[in-house]
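K.L.:
So the chains spell out like this:
2 protein chains.
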Amino acid sequence: MKISFIGAGRVAYHLANALYPQHQIVQIYARTQAKTQILATMLQAEAIESYQDLSSDIDILILAVSDQVIAEVIQSIPQHLHDVLIVHTSGSTHLEVLSNVHANSGVLYPLQTFSLQHEIDWKNVPVFVETQHSNDLKKLSELASSLTEKIYHYSSEQRLSLHLAAVFACNFTNYCYDMAQQITQTQQVDFDLLYPLIQATAEKALCNIPKNVQTGPAMRGDQNILHMHTAMLEKQGQEDFKQVYQLLSEQILKRHA
Amino acid sequence: MKISFIGAGRVAYHLANALYPQHQIVQIYARTQAKTQILATMLQAEAIESYQDLSSDIDILILAVSDQVIAEVIQSIPQHLHDVLIVHTSGSTHLEVLSNVHANSGVLYPLQTFSLQHEIDWKNVPVFVETQHSNDLKKLSELASSLTEKIYHYSSEQRLSLHLAAVFACNFTNYCYDMAQQITQTQQVDFDLLYPLIQATAEKALCNIPKNVQTGPAMRGDQNILHMHTAMLEKQGQEDFKQVYQLLSEQILKRHA
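Top line first, the protein sequences correspond to chains A and B.
Counting along the first sequence from 1, when you hit position 3 you're at 3 in my numbering, and nothing is skipped either side.
Counting along the second sequence from 1, when you hit position 236 you're at 236 in my numbering, and nothing is skipped either side.
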């Protein structure tokens, strides 16, 4: 297929590199000229400098832009792309944001955390597709099948819930690692020592219901340790972490009461 | 060495099974007779029914009991064990809790999350040793070396900080998975779909400073998504999760401002 991209950030980078060279990447347009140029060179695509330069001789236009600007970007697509299927890649944006403006619209959402330093193991990435028109679903699913076999037809509501769950399972989890790293740092203790524990915790969640493998002082209802820990955080001036400690411990206590 | 155990729970189970048969497990005493009997049979040890029956002809007595009862248990050890090295296995209990009562005391703390369903990969488990008397440190380190090569001589203060960090990196992380699982459940979305994301998030934390790989709406400062998510949680009646969402998002915003 012939694919063009709006956006040259992390999602565009990984997605375009996974589609190329099986598919032809025709054009790339993004606000940051330098990034656009680098990505276009990698993919033998044309870097364009204006929406007006977008060619309509493509199968799918992928908007791999941040959630905040999707509504603005779809308004900027010129009229001559009227018949082109345009999809966004956001987990948390309703299809309506596109379909209210552009009839042939859809969503291609890869559920993965993208950072430029890490390769994506695409065959394990679930991809969620949704289209306004049923005849577009076949085309979009076909494109998705060149990324992964794990293709799901999810409604916007389901996708939004899944994305919300991912914020808890991924973003908040990483912040828990971040807080742990900061605690070890203040006490000259080595964060690396927690690696086996971090791995084991993730592995256990993957072969159990997380509730059933909960451990720790809050789960055991050990008030002595809970008090000692909040006192330690207070003494170290880590007021923010103390608030997190108290809120999560309270909820874990309640859940396992 | 000749080892006896007080306790027959998860830590005692995994630790005793890792030490046996290289070391002789002499006796096991625990409140739950049935559990004690099963463990004793596995390890060809004697299940005893009273502290008074503890033999003093051992090298180390391991108190693998819950943090709350360590202080009580050390008070119950009969006088004829005066010269035996007695260690606890807790990350969050100061050595003083033992040494104030029993001179030959120490700590053997394996930093791992123990559940009966999962085998422990001991060679990757860091073990922290501490003793009241320096001549006991050699003996305890020798025992620890039959579990792992990763032996650390940590003070009680360092060990307590590490354990506090582990609560964030492990217990709170698991609760994040738990909340995610509950969110998917209410929306008839499949929690399994989050597995690759959970794995990728843990892997990234292991080869980076967690702060540098933070992603998500709070990190991007995306107020639209933050509002949408809190509204979704409110609508679904998940008031507790909304509180967690708001507190963690606020802190992530501040950390990446």
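Just so you know, these hints were derived from the structure itself, not from any lab.
Hints are supplied without guarantee of correctness; some may be wrong.
[Unchecked claim] Below are the BS3-like pairs computed for lysine-lysine, each with C-alpha atoms no more than 27 Å apart in a straight line:
| no. | chain 1 | residue 1 | chain 2 | residue 2 |
| --- | --- | --- | --- | --- |
| 1 | B | K139 | B | K150 |
| 2 | A | K242 | B | K211 |
| 3 | B | K139 | A | K254 |
| 4 | B | K242 | A | K211 |
K.L.:
It remains to establish, for every hint, whether it holds in the given structure.
P.N.:
Hint check results:
no. : hint              : verdict
1   : B/K139 <-> B/K150 : 16 Å, holds
2   : A/K242 <-> B/K211 : 19 Å, holds
3   : B/K139 <-> A/K254 : 42 Å, violated
4   : B/K242 <-> A/K211 : 19 Å, holds
Figure legend: structure checked against the earlier numbered hints; the only hint not met is number 3.
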